[in-house]
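**Q** All chains should be modelled from the sequences, with the hints used to inform the complete structure.
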Amino acid sequence: MAVDKSKRDSIRMSMKGCQENNGFVDNEDIPEQAPDPGSSADNLQHSTTSILASLDFKGVQPYAGMPKEVLFQFSGQARYRVPREILFWLTVVSVLVLIASTIAIIALSPKCLDWWQEGPMYQIYPRSFKDSDKDGNGDLKGIQDKLDYITALNVKTVWITSFYKSSLKDFRYGVEDFREIDPIFGTMNDFENLVAAIHDKGLKLIIDFIPNHTSDKHSWFQLSRTRMGKYSDYYIWHDCTHENGTTIPPNNWLSVYGNSSWHFDEVRNQCYFHQFMKEQPDLNFRNPDVQEEIKEIIRFWLTKGVDGFSFDAVKFLLEAKHLRDEIQVNKTQIPDTVTHYSELYHDFTTTQVGMHDIVRSFRQTMDQFSSEPGRYRL
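The letter at position 260 of the sequence shown is residue 245 when you use my numbering, and the numbering goes up by one with no holes.
Heads up, a few of these hints could be off.
Claimed, not checked - DEER-style ranges, computed between Cβ atoms: (1) Gln102 <-> Asn174: 31 to 41 Å; (2) Leu75 <-> Val338: 52 to 62 Å; (3) Asp352 <-> Tyr134: 32 to 42 Å; (4) Thr232 <-> Pro273: 29 to 39 Å; (5) Ala182 <-> Val80: 52 to 62 Å; (6) Thr172 <-> Gln102: 30 to 40 Å; (7) Val338 <-> Ser295: 16 to 26 Å.
Worth flagging that the hints you see were computed from the coordinates, not collected in a lab.
All C-beta atoms, glycine included, are put in the ideal place defined by N, C-alpha and C.
**A** Next comes the structure, spelled out in structure tokens:
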């Protein structure tokens, strides 16, 4: 029986193209042979070659994966479908939350600071700051000499008060010429050198600007008092009356410094309006030519390289056209004794309708010089 079984196994192996391994043949009639070390490698190679040659790969297709029908059958099952849908909607919700969070962060996060918000400003009254030529007056060169000191204070912006050509009245806020440097402070060349030095230190420069009024020595006023061309209406003029050698003003409006804000001019034979000193007549900002003149001055200094302005007395730019008396704070007070600025409600001489439009036009003028990165003009 053992011989028959061995023969059957041998026949099956032959049909499969395999060689019989005598080590597994259960036949006692076949003598064992000693292995030949020299021929083992050759026999292995010959056996492998014979097996590969005898195999027929024709008609064998590569594994194509799970059939579509089977795939659909499994994918439609609840245990696969439900987790898949949960993961899908979790992904969608996560993406939407991420987008919403990004938008919220951008919208709510503080914006980058502008240069005028990054650090303190150092205000300089030039006449008393640093005297470079020992003449008893501070000057622009003196400011330039102290820039290292200012930088050491971690100051980011230098603010220089009025240095325009002017009289000594009211801390030089009665300007005679908006385009000239007062000689006691230096020259325009000194100013240009100062601007360059300030920017070399990484600092910004803003200067005072007083659009509300000029000095009575200004060329505009001199032309206006003689009714010369367009300058006739550059200031606020109105007829006054005279009784017993006393000028009666058009209304009870008061100057910031007290007493009437109207002063009689003998050349024009009218009163002009001044919110501050009588040597500082108010410009007529209801005149478009005046507005354009001021914007041209703004352009002039921006071209010189200044980074911004401190606009002074802006709320006084316009006055009511009707010229009605302002209301007394103490209505029982005798009107002739009302001489102090605080004794009236200044509803007709400050913050009038149209003032913000004028300021907005100043801003638009400055925006023309703010297009370069980092050159926003304040």
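**Q** Go through the numbered hints given earlier and state which of them the structure violates, listing their numbers in rising order.
**A** none
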